Amino acid sequence: DTGVSQDPRHKITKRGQNVTFRCDPISEHNRLYWYRQTLGQGPEFLTYFQNEAQLEKSRLLSDRFSAERPKGSFSTLEIQRTEQGDSAMYLCASSFGTDFTNSPLHFGNGTRLTVT
Amino acid sequence: EDQVTQSPEALRLQEGESSSLNCSYTVSGLRGLFWYRQDPGKGPEFLFTLYSAGEEKEKERLKATLTKKESFLHITAPKPEDSATYLCAVQAISGSARQLTFGSGTQLTVLP
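So the protein sequences, as listed, match chains W and H. Position 100 of the first sequence, counted from 1, bears residue number 100 in our numbering, the numbering being contiguous throughout. Position 88 of the second sequence, counted from 1, bears residue number 88 in our numbering, the numbering being contiguous throughout.
Pulled out of the complex, with its shape left as it was, chain W reads as follows (with noise of 0.2 Å):
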């Protein structure tokens, strides 16, 4: 169990910038989730996987967000023409079943990315 891999640490960009993120699952689960974080708050759920089939996005997740889970290991986070108020941290969880109670989930280190 290597645990949860984003990449990267930390992205700074320009305001209208295209940024993209990386995250590597725990192997044997099956299911992938994106959070963001702000300053002083709790994660808040944005989307999540099973497999490679994406099955529930959260309404803060607007029209420049794009996630992917091509073959249904890795996934990716594309923000497109990023905003000052998409400064947060990107987080990636993973479990196995819907069920966190037999299947916590477990969380990646965080992207934090930073628009100017």
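Don't read these hints as lab results, they were simulated from the structure. Small disclaimer: the values here were computed from a predicted structure and weren't measured. Just to be clear, a hint being listed does not mean it is correct.
[Claimed, not checked] Below 27 Å or equal to it, Euclidean Cα-Cα: the simulated DSS-like pairs (lysine-lysine) are: (1) LYS42/H / LYS63/H; (2) LYS42/H / LYS59/H; (3) LYS68/H / LYS42/H; (4) LYS11/W / LYS59/H; (5) LYS68/H / LYS79/H; (6) LYS11/W / LYS71/W; (7) LYS57/W / LYS42/H; (8) LYS42/H / LYS14/W; (9) LYS14/W / LYS71/W.
[Said to hold, decoys possible] Computed far set for chain W versus chain H, every beta-carbon distance over 12 Å: (10) LYS14; (11) LEU46; (12) THR76; (13) GLU78.
The C-beta atom is built at its ideal place from N, Cα and C for all residues, glycine as well.
Once you have looked at the hints, place chain H on chain W.
For chain H alone, kept in the frame of chain W given last:
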């Protein structure tokens, strides 16, 4: 809509000074309540799952308890390495069964 409220927002303790953190929740039906620890610049680290009122879980100096409306994280004789933000989250039975709803956390500082 599921809601989770944590208090206090911040807590400073002297080493060895025991205390409790509170997590109040509102859900249509609780599947599980979760406690996480988050260190600065890191992702949340899973601590406990609680399923039903009356349940208790322990890990080293931490003990989590659950009632029908709230959960407490009791910290006994804390050490400086217990300093972190402690997050509470709930999973509801219905609707957003695949999501966790988090509180804003309690930032704990333990002074030597």
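Status of the hints after comparison with the structure:
no.: 1; hint: LYS42/H / LYS63/H; result: holds (23 Å)
no.: 2; hint: LYS42/H / LYS59/H; result: holds (21 Å)
no.: 3; hint: LYS68/H / LYS42/H; result: violated (31 Å)
no.: 4; hint: LYS11/W / LYS59/H; result: violated (35 Å)
no.: 5; hint: LYS68/H / LYS79/H; result: violated (30 Å)
no.: 6; hint: LYS11/W / LYS71/W; result: holds (25 Å)
no.: 7; hint: LYS57/W / LYS42/H; result: holds (24 Å)
no.: 8; hint: LYS42/H / LYS14/W; result: holds (24 Å)
no.: 9; hint: LYS14/W / LYS71/W; result: violated (31 Å)
no.: 10; hint: LYS14; result: holds (23 Å)
no.: 11; hint: LEU46; result: violated (10 Å)
no.: 12; hint: THR76; result: holds (18 Å)
no.: 13; hint: GLU78; result: holds (20 Å)
Hint violations for this structure: numbers 3, 4, 5, 9, 11, all remaining hints satisfied.
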